[in-house]
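For the record, the sequence lines run as chains A and B. Residue numbers 17 to 128, in our numbering, belong to the letters of the first sequence in order. Residue numbers 107 to 221, in our numbering, belong to the letters of the second sequence in order.
No lab work stands behind these hints: they were computed from the structure. Be aware that a few hints might be false.
[To be verified] PhoX-like cross-link-like pairs, simulated, lysine-lysine; straight-line CA separation at most 25 Å: (1) Lys125(A) / Lys172(B); (2) Lys161(B) / Lys110(A); (3) Lys172(B) / Lys115(A); (4) Lys161(B) / Lys58(A); (5) Lys126(B) / Lys38(A); (6) Lys74(A) / Lys84(A); (7) Lys115(A) / Lys120(B); (8) Lys115(A) / Lys87(A).
[Said to hold, decoys possible] Example chain B residues on the side facing chain A (calculated, C-beta under 7 Å, incomplete): (9) Val117; (10) Gly122; (11) Ser149.
For each residue, glycine too, the CB sits at the ideal point set by N, CA and C.
Here is what each chain is made of, one letter per residue.
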Amino acid sequence: GENVEQHPSTLSVQEGDSAVIKCTYSDSASNYFPWYKQELGKRPQLIIDIRSNVGEKKDQRIAVTLNKTAKHFSLHITETQPEDSAVYFCAASKEGTYKYIFGTGTRLKVLA
Amino acid sequence: GAVVSQHPSWVICKSGTSVKIECRSLDFQATTMFWYRQFPKQSLMLMATSNEGSKATYEQGVEKDKFLINHASLTLSTLTVTSAHPEDSSFYICSASRTSTDTQYFGPGTRLTVL
Chain A
17 GENVEQHPST LSVQEGDSAV IKCTYSDSAS NYFPWYKQEL GKRPQLIIDI
67 RSNVGEKKDQ RIAVTLNKTA KHFSLHITET QPEDSAVYFC AASKEGTYKY
117 IFGTGTRLKV LA
Chain B
107 GAVVSQHPSW VICKSGTSVK IECRSLDFQA TTMFWYRQFP KQSLMLMATS
157 NEGSKATYEQ GVEKDKFLIN HASLTLSTLT VTSAHPEDSS FYICSASRTS
207 TDTQYFGPGT RLTVL
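Chain A extracted, bound-state conformation (with noise of 0.2 Å):
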């Protein structure tokens, strides 16, 4: 069935580094890709998404890119701070079904 693995489960960085986290999806109908952040006890929050007539995104800090032929997509998020401690979830959707699959998660700690 549909899957979407997402690496690494956690990640710590210091403060002012760059943060990537990776996921691989298995439906090659898949052509949405958003990303959310969710804070302990929150809810997911969008941070960006991507669809898949497009190879990369960018908003401030945050970026996404796309390979399709690889079927991956990365989150990229530069100058770490404190607050952008979470987890991360990516997830994949297609036309038709518009249900998100999601990744396991990636819990992401930003060192001071």
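Position chain B against the provided structure of chain A, taking the given hints into account.
Relative to chain A, chain B alone:
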């Protein structure tokens, strides 16, 4: 815009009772709403997809008679956990989208504890 609320935020109930959780889109009309379950330190597992005015579509392994979903209007969907058992204890989160192709916006979640 795109605010989703959930009520209650937490609930404790006895085994065998039923619990209803509401999910509302406050500033937009949600054609589609989704219900997820999340265990501690784990990912979100989709339980069902509901479209306004039609029956919900349940994911494999989710008992539709135990988790009753109603999407009676474009701003409200409800999840009723019937005959709750301790293993039903979890964090339940809903999401809503304007159209089936749109981004999902999540509610704050409901923590259910069944004693």
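Against the structure, the hints:
no.: 1; hint: Lys125(A) / Lys172(B); in the structure: 38 Å, violated
no.: 2; hint: Lys161(B) / Lys110(A); in the structure: 21 Å, holds
no.: 3; hint: Lys172(B) / Lys115(A); in the structure: 21 Å, holds
no.: 4; hint: Lys161(B) / Lys58(A); in the structure: 29 Å, violated
no.: 5; hint: Lys126(B) / Lys38(A); in the structure: 37 Å, violated
no.: 6; hint: Lys74(A) / Lys84(A); in the structure: 18 Å, holds
no.: 7; hint: Lys115(A) / Lys120(B); in the structure: 32 Å, violated
no.: 8; hint: Lys115(A) / Lys87(A); in the structure: 18 Å, holds
no.: 9; hint: Val117; in the structure: 15 Å, violated
no.: 10; hint: Gly122; in the structure: 27 Å, violated
no.: 11; hint: Ser149; in the structure: 5 Å, holds
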